[in-house]
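**Student:** These are the residues of each chain, in order.
There are 2 protein chains.
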Amino acid sequence: MSAFDDLMSHQKETEALSSVMGRLGWDQETMMPRGAASQRAEEMAAFEGVLHARRTDPRLGEWLGNAQAPDEAGKAQLRLITQSFERAQKVPADLAQRLAKVTSTSQGIWAQAREDEDVAAFLPTLKEVVELKREEGQALAAGGNTYDAMLQDYEPGASAASLSAMFAALHPRLTALRDQVMATDQPADLDFDFDEGKQMKLTRKLAKTFGYDMSRGRVDKAVHPFSSGSGQDVRITTRTSLRDPFNCLYSTIHEVGHACYEQGISDGYLLTPVGGGISMGVHESQSRIYENQLGRSQPFCGWLYGQMRDTFGDFGVADEDTFYRTVNKLRQGYIRTEADEVQYNLHVLLRFDLEQAIISGDLAVDDLEAAWNDRFEADFGFAVDKPSNGMLQDVHWSVGLFGYFATYSLGNVYAGCLNQAMRTDLPDLDASLALGDPTPATEWLNEALQRHGGLRDPRATIAHACSGVEPSEAPLLNYLETKFTG
Amino acid sequence: MSAFDDLMSHQKETEALSSVMGRLGWDQETMMPRGAASQRAEEMAAFEGVLHARRTDPRLGEWLGNAQAPDEAGKAQLRLITQSFERAQKVPADLAQRLAKVTSTSQGIWAQAREDEDVAAFLPTLKEVVELKREEGQALAAGGNTYDAMLQDYEPGASAASLSAMFAALHPRLTALRDQVMATDQPADLDFDFDEGKQMKLTRKLAKTFGYDMSRGRVDKAVHPFSSGSGQDVRITTRTSLRDPFNCLYSTIHEVGHACYEQGISDGYLLTPVGGGISMGVHESQSRIYENQLGRSQPFCGWLYGQMRDTFGDFGVADEDTFYRTVNKLRQGYIRTEADEVQYNLHVLLRFDLEQAIISGDLAVDDLEAAWNDRFEADFGFAVDKPSNGMLQDVHWSVGLFGYFATYSLGNVYAGCLNQAMRTDLPDLDASLALGDPTPATEWLNEALQRHGGLRDPRATIAHACSGVEPSEAPLLNYLETKFTG
Chain A
3 MSAFDDLMSH QKETEALSSV MGRLGWDQET MMPRGAASQR AEEMAAFEGV LHARRTDPRL
63 GEWLGNAQAP DEAGKAQLRL ITQSFERAQK VPADLAQRLA KVTSTSQGIW AQAREDEDVA
123 AFLPTLKEVV ELKREEGQAL AAGGNTYDAM LQDYEPGASA ASLSAMFAAL HPRLTALRDQ
183 VMATDQPADL DFDFDEGKQM KLTRKLAKTF GYDMSRGRVD KAVHPFSSGS GQDVRITTRT
243 SLRDPFNCLY STIHEVGHAC YEQGISDGYL LTPVGGGISM GVHESQSRIY ENQLGRSQPF
303 CGWLYGQMRD TFGDFGVADE DTFYRTVNKL RQGYIRTEAD EVQYNLHVLL RFDLEQAIIS
363 GDLAVDDLEA AWNDRFEADF GFAVDKPSNG MLQDVHWSVG LFGYFATYSL GNVYAGCLNQ
423 AMRTDLPDLD ASLALGDPTP ATEWLNEALQ RHGGLRDPRA TIAHACSGVE PSEAPLLNYL
483 ETKFTG
Chain B
3 MSAFDDLMSH QKETEALSSV MGRLGWDQET MMPRGAASQR AEEMAAFEGV LHARRTDPRL
63 GEWLGNAQAP DEAGKAQLRL ITQSFERAQK VPADLAQRLA KVTSTSQGIW AQAREDEDVA
123 AFLPTLKEVV ELKREEGQAL AAGGNTYDAM LQDYEPGASA ASLSAMFAAL HPRLTALRDQ
183 VMATDQPADL DFDFDEGKQM KLTRKLAKTF GYDMSRGRVD KAVHPFSSGS GQDVRITTRT
243 SLRDPFNCLY STIHEVGHAC YEQGISDGYL LTPVGGGISM GVHESQSRIY ENQLGRSQPF
303 CGWLYGQMRD TFGDFGVADE DTFYRTVNKL RQGYIRTEAD EVQYNLHVLL RFDLEQAIIS
363 GDLAVDDLEA AWNDRFEADF GFAVDKPSNG MLQDVHWSVG LFGYFATYSL GNVYAGCLNQ
423 AMRTDLPDLD ASLALGDPTP ATEWLNEALQ RHGGLRDPRA TIAHACSGVE PSEAPLLNYL
483 ETKFTG
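Going line by line, the protein sequences match chains A and B.
Heads up: the first sequence begins at 3 in our numbering, then just goes up one per residue.
Heads up: the second sequence begins at 3 in our numbering, then just goes up one per residue.
To be clear, the hints were calculated from the coordinates, so they are not data collected in a lab.
Remember, it's a predicted structure, so these values are computed and weren't measured experimentally.
From the three backbone atoms N, C-alpha and C, an ideal C-beta is built for every residue, glycine too.
Hints are supplied without guarantee of correctness; some may be wrong.
Unchecked claim - Derived BS3-like pairs (lysine-lysine); straight-line CA-CA distance at most 25 Å: (1) A:K210 x A:K200; (2) A:K223 x A:K203; (3) B:K203 x A:K223; (4) B:K223 x B:K207; (5) A:K129 x A:K203; (6) B:K203 x A:K200; (7) A:K92 x A:K77; (8) B:K14 x A:K223; (9) B:K388 x A:K223; (10) A:K103 x B:K200; (11) A:K223 x A:K200; (12) A:K200 x B:K388; (13) A:K331 x A:K129; (14) B:K223 x A:K200; (15) B:K77 x B:K92; (16) B:K331 x B:K200; (17) B:K92 x B:K331; (18) A:K14 x A:K129; (19) A:K203 x B:K331; (20) A:K200 x A:K77; (21) A:K207 x A:K223; (22) A:K207 x B:K14; (23) B:K485 x A:K203; (24) B:K92 x B:K129; (25) A:K92 x A:K129; (26) A:K77 x A:K14; (27) B:K14 x B:K129; (28) A:K103 x A:K92; (29) B:K77 x B:K207; (30) B:K388 x B:K129; (31) B:K210 x B:K200; (32) A:K223 x B:K331; (33) B:K223 x A:K203; (34) B:K223 x B:K203.
As the list claims (entries may be wrong) - Among chain A residues calculated to face chain B with C-beta under 7 Å, some are: (35) S21; (36) G37; (37) E64.
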């Protein structure tokens with residue numbers, strides 16, 4: 003066995019164990035009995051200890067020092083293992099365990115606080131999470147910028163400065179577009195009870211339509227839609243709302259985008275570092291292009307209108323065009339995950355700025371709710387009415403995901419780039435979408451991006467898929483301005 | 003920290019990780035996508051490697067050498083950790099990993115072979131499992147009897163000789179009882195379609211009735227009913243059959259007995275060796291006394307009859323007495339898990355003898371089907387019609403559970419002992435059961451047995467619950483003869 007083979011053999015077991023850890027997270031949000039929270043926290047902490055020991059195993063340093071990559075994929079494996087090894091060495095084992103334990107119970111506390119509209123019940127936990135994550139970030143930064151160091155966990159190569167520049171370019175044009183569209187007549191809201199069992203049936207059909215392989219996945223309901231797992235076992239969740247079927251259907255298409263990225267990676271990369279999505283931003287580019295550029299396109303909406311009529315009967319929308327405009331309606335709303343394509347990034351920008359201030363200490367956790375509410379009113383023009391529509395709406399901070407939100411907008415930007423390239427390659431795509439068949443698009447995405455997994459760095463992954471064109475926010479802005487005013 | 007504290011702290015993490023491993027097993031039988039089998043095998047093998055390393059950690063030997071138990075419970079903890087440590091040291095790590103890997107995929111192969119009625123498709127896998135288990139048993143026996151060594155995994159203190167003596171006492175009286183009852187008029191079979199959704203609803207009600215805490219558990223459907231987990235997260239499965247609601251309802255009550263043992267152990271033992279059931283035989287005593295001595299008793303059947311009329315309407319059984327006799331009807335049948343109380347142990351005895359011959363090598367795996375079918379016809383008087391009614395009916399051998407079957411009969415024997423003691427202490431129990439309330443019995447069992455977990459060895463656990471009376475097969479035989487001919 004060469005050092006490279008030894009290393010990959012060790013790594014395969016680590017990937018297998020990480021996969022189990024991910025599934026524990028899935029279980030916790032879908033299947034775990036409510037009374038099992040404290041035992042689960044012990045389990046997660048013990049497991050985190052095992053993974054941390056593997057990730058900091060001194061043999062990794064020796065193997066990495068001696069390993070010769072046989073090919074380009076091997077070089078990518080070594081690059082990713084090195085990143086992970088260097089990261090793991092910087093974080094003390096007891097800190098990693100404390101984080102795993104706290105963030106295991108904190109999610110339940112957040113969920114209860116959100117249900118009770120009780121920010122105060124969540125703050126002590128949030129403070130603890132922030133302190134531990136800040137401590138971790140400082141350890142990772144090793145004297146550099148703490149928040150930049152935290153970003154690397156989700157988007158290697160990104161920086162607060164580069165993301166701020168991107169947001170600065172997006173903000174004025176999105177705000178202007180929002181104001182322009184909102185000044186025009188908007189279609190009526192849906193006014194119908196959509197049977198939730200039928201929503202789930204249609205949502206499973208949509209999942210398959212977009213290429214989700216149910217023999218290597220499953221769809222369940224959870225409070226927060228998510229995708230989890232890699233390789234042969236990639237599970238998604240969705241949720242239903244009696245009055246708003248789009249919540250369920252588009253959450254599903256979104257998560258299917260994530261899942262298809264993981265399911266679509268070449269089999270040869272199974273249980274290796276390259277066998278997973280390269281970054282959250284690239285991941286989000288897949289979920290968003292499935293959800294928006296494909297799922298919310300006019301031709302696909304035409305087909306979906308027929309499916310919904312077949313499923314629910316006459317639900318009060320007169321024709322395909324009205325349905326398309328209803329799906330893409332801009333409305334005042336509090337919730338990021340329910341936001342339209344135009345306003346979505348404004349929700350993200352708010353979080354990006356607030357969490358930087360939280361991590362730097364410029365903003366105290368106790369002052370977060372007030373800061374959120376002030377900023378929200380400034381950006382959106384109306385006041386937050388209750389915490390579940392404000393700072394308690396997202397799970398992320400409760401589980402320590404600081405530095406994550408920006409990748410949602412980065413994903414939108416990347417989706418804009420991919421859509422531009424894909425449309426150039428597939429001039430007849432609309433004809434397929436009108437028949438409810440996004441296969442040409444999903445096959446294009448698989449070939450151009452998904453099957454390569456983590457072979458290239460995030461920006462290089464997008465550039466490779468776009469015939470070498472470097473990613474920028476321009477295609478997204480052009481797409482949005484054309485779609486919503488064209 | 004004393005050596006005892008260090009040991010218990012290490013052990014707590016091991017228990018937490020074992021708990022995760024158990025839940026992976028649950029997931030595999032209830033939730034896992036079909037296409038995830040080979041990845042899951044890698045995960046299980048990697049996990050088994052982690053657990054094996056912990057169980058053989060040389061520090062355990064040092065701690066055990068220096069640890070002073072603070073009390074009786076501490077002594078029991080040390081005894082159980084010592085047993086586990088000595089066992090783990092005997093089994094080479096690579097053998098443990100190979101076993102984990104093979105038995106992860108073998109279950110899927112068994113399930114498919116059973117579905118296809120294809121013994122040949124299962125034999126290569128079964129041979130591999132047998133060889134690995136024999137190798138493990140020889141390592142554990144260290145020159146002693148291989149099969150006896152294998153028994154210790156399920157029933158510490160048991161031996162093939164003692165179990166054979168017990169079976170020798172049971173066999174003639176059970177056969178005579180069976181022949182006597184079968185010669186009398188039996189009630190008609192059920193002839194009705196029992197809605198499977200309603201079965202699941204009633205089954206969940208029964209689970210709660212018998213004290214299953216749903217806030218620390220959940221009920222799902224699976225091919226094979228089982229109970230899984232300990233402490234705060236104890237999950238059960240059941241199955242439904244359109245024409246036979248008793249399959250679902252009594253499988254549930256049975257698994258609830260197992261689950262209540264785990265859920266009922268004192269909180270102070272959580273994530274310690276004493277915090278789990280002490281043996282499979284004692285476990286089975288709980289499932290069987292819930293299922294049979296309580297669930298199939300005449301007063302409880304009277305209440306259940308009303309519940310079933312409420313749930314399914316008139317299903318063709320005229321009155322409570324006919325219902326009781328239908329529930330307890332003796333019939334010719336192939337399937338162990340569907341067998342009546344009288345014939346059940348005959349199914350076990352067949353497996354006990356065959357698996358001893360397989361492990362010793364006296365019987366080749368290739369000859370198992372013929373041996374099974376010959377023995378079945380000799381014991382039951384009619385021929386096996388297809389493999390799923392014969393040697394492919396049980397999951398156990400596919401996952402390497404050799405030495406397990408006998409504990410089912412041991413559990414019945416123990417249940418007989420417990421029932422005798424319980425009935426002495428609770429002379430008015432039938433009045434409660436007639437109201438559908440087994441609480442006095444479940445509380446008695448919790449107080450006498452369940453809450454103590456693994457504090458005492460298996461036989462001592464039963465003797466303690468029975469006011470010091472040593473277990474024997476006499477109470478079970480007396481109970482059965484009274485019930486079925488009285």
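**Student:** Each hint needs a verdict: does it hold in this structure or not?
**Tutor:** Hints and how they fare:
In summary, the hint linking A:K210 to A:K200 is supported, as the alpha carbons are separated by about 16 Å, within the 25 Å threshold. Using a Cα cut-off of 25 Å, the hinted pair A:K223 and A:K203 holds, with the two alpha carbons roughly 12 Å apart. Pair hint B:K203 plus A:K223 holds up; C-alpha atoms about 20 Å apart against a cutoff of 25 Å. At roughly 15 Å between alpha-carbon atoms, B:K223 and B:K207 fall within 25 Å of each other, so this suggested pair holds.
The hinted pair formed by A:K129 and A:K203 fails the criterion: a straight-line CA distance of about 41 Å is larger than 25 Å. For the proposed pair B:K203 and A:K200, the alpha carbon gap of about 21 Å is at most 25 Å, so the pair holds. The hinted pair formed by A:K92 and A:K77 meets the criterion: a straight-line CA distance of about 23 Å does not exceed 25 Å. Among the hinted pairs, B:K14 with A:K223 is inconsistent with the structure: their alpha-carbon atoms are about 32 Å apart, more than 25 Å.
For a cut-off of 25 Å, the pair hint linking B:K388 to A:K223 is broken: about 40 Å separates their Cα positions. A C-alpha spacing of about 40 Å is found between A:K103 and B:K200, which places the hinted pair above 25 Å, so the restraint is violated. Between A:K223 and A:K200, the direct Cα distance comes to roughly 13 Å. Compliance with the 25 Å bound is thereby established for this hinted pair. Of the supplied pair hints, the one linking A:K200 and B:K388 is violated, its CA atoms being roughly 40 Å apart against a limit of 25 Å.
Taking the CA atoms of A:K331 and A:K129, the gap is near 37 Å; set against the 25 Å cutoff, the hint is violated. For the suggested pair B:K223 and A:K200, the alpha carbons sit about 22 Å apart, so the restraint of at most 25 Å is met. Simply put, B:K77 and B:K92 have alpha-carbon atoms about 23 Å apart, close enough for the 25 Å limit, and the pair holds. For the given pair, B:K331 sits about 23 Å from B:K200 by alpha-carbon distance, which is consistent with the 25 Å threshold.
Between the alpha carbons of B:K92 and B:K331 the distance comes to roughly 47 Å, so the proposed pair goes past 25 Å and is violated. Between A:K14 and A:K129 the CA atoms are separated by roughly 36 Å; this puts the pair beyond 25 Å, and the hint is violated. For the hint linking A:K203 to B:K331, the alpha-carbon distance of about 41 Å lies beyond 25 Å, and the restraint is violated. Between A:K200 and A:K77 the CA atoms are separated by roughly 48 Å; this puts the pair beyond 25 Å, and the hint is violated.
Distance check on the hinted pair: A:K207 and A:K223 sit about 15 Å apart at the alpha-carbon level, within 25 Å; holds. Among the hinted pairs, A:K207 with B:K14 is inconsistent with the structure: their alpha-carbon atoms are about 44 Å apart, more than 25 Å. Distance check on the hinted pair: B:K485 and A:K203 sit about 49 Å apart at the alpha-carbon level, beyond 25 Å; violated. The suggested pairing of B:K92 with B:K129 holds, with an alpha-carbon distance near 22 Å, which does not exceed 25 Å.
Restraint check for A:K92 and A:K129: the C-alpha separation of about 22 Å stays at or below 25 Å, so the hint holds. Taking the CA atoms of A:K77 and A:K14, the gap is about 16 Å. The hint holds against a cut of 25 Å. Between the alpha carbons of B:K14 and B:K129 the distance comes to roughly 36 Å, so the proposed pair goes past 25 Å and is violated. Between A:K103 and A:K92 the CA atoms are separated by roughly 19 Å; this keeps the pair inside 25 Å, and the hint holds.
With a C-alpha separation of about 39 Å, the suggested pair B:K77 and B:K207 falls outside the 25 Å cut-off, and the hint is violated. Of the pairs offered as hints, the one joining B:K388 and B:K129 holds, with about 21 Å between alpha carbons and a cut-off of 25 Å not exceeded. Note on B:K210 and B:K200: the hinted pairing holds, with a Cα-Cα distance of about 16 Å set against a maximum of 25 Å. Restraint check for A:K223 and B:K331: not satisfied, since their Cα atoms lie roughly 42 Å apart, outside the 25 Å limit.
For the suggested pair B:K223 and A:K203, the alpha carbons sit about 20 Å apart, so the restraint of at most 25 Å is met. About 12 Å separates the Cα atoms of B:K223 and B:K203, which keeps this hinted pair within 25 Å; it holds. Interface hint status for A:S21: upheld, as the beta-carbon distance to the closest one in chain B is roughly 6 Å, under 7 Å. For A:G37, the interface hint holds, the least distance from its beta-carbon to any beta-carbon of chain B being 4 Å, beneath 7 Å.
Using the Cβ-Cβ criterion of 7 Å, the hint placing A:E64 at the interface with chain B is not satisfied: the shortest such distance is roughly 19 Å.
Checked against the numbered hints given earlier, the structure breaks hints 5, 8, 9, 10, 12, 13, 17, 18, 19, 20, 22, 23, 27, 29, 32, 37 and satisfies all the rest.
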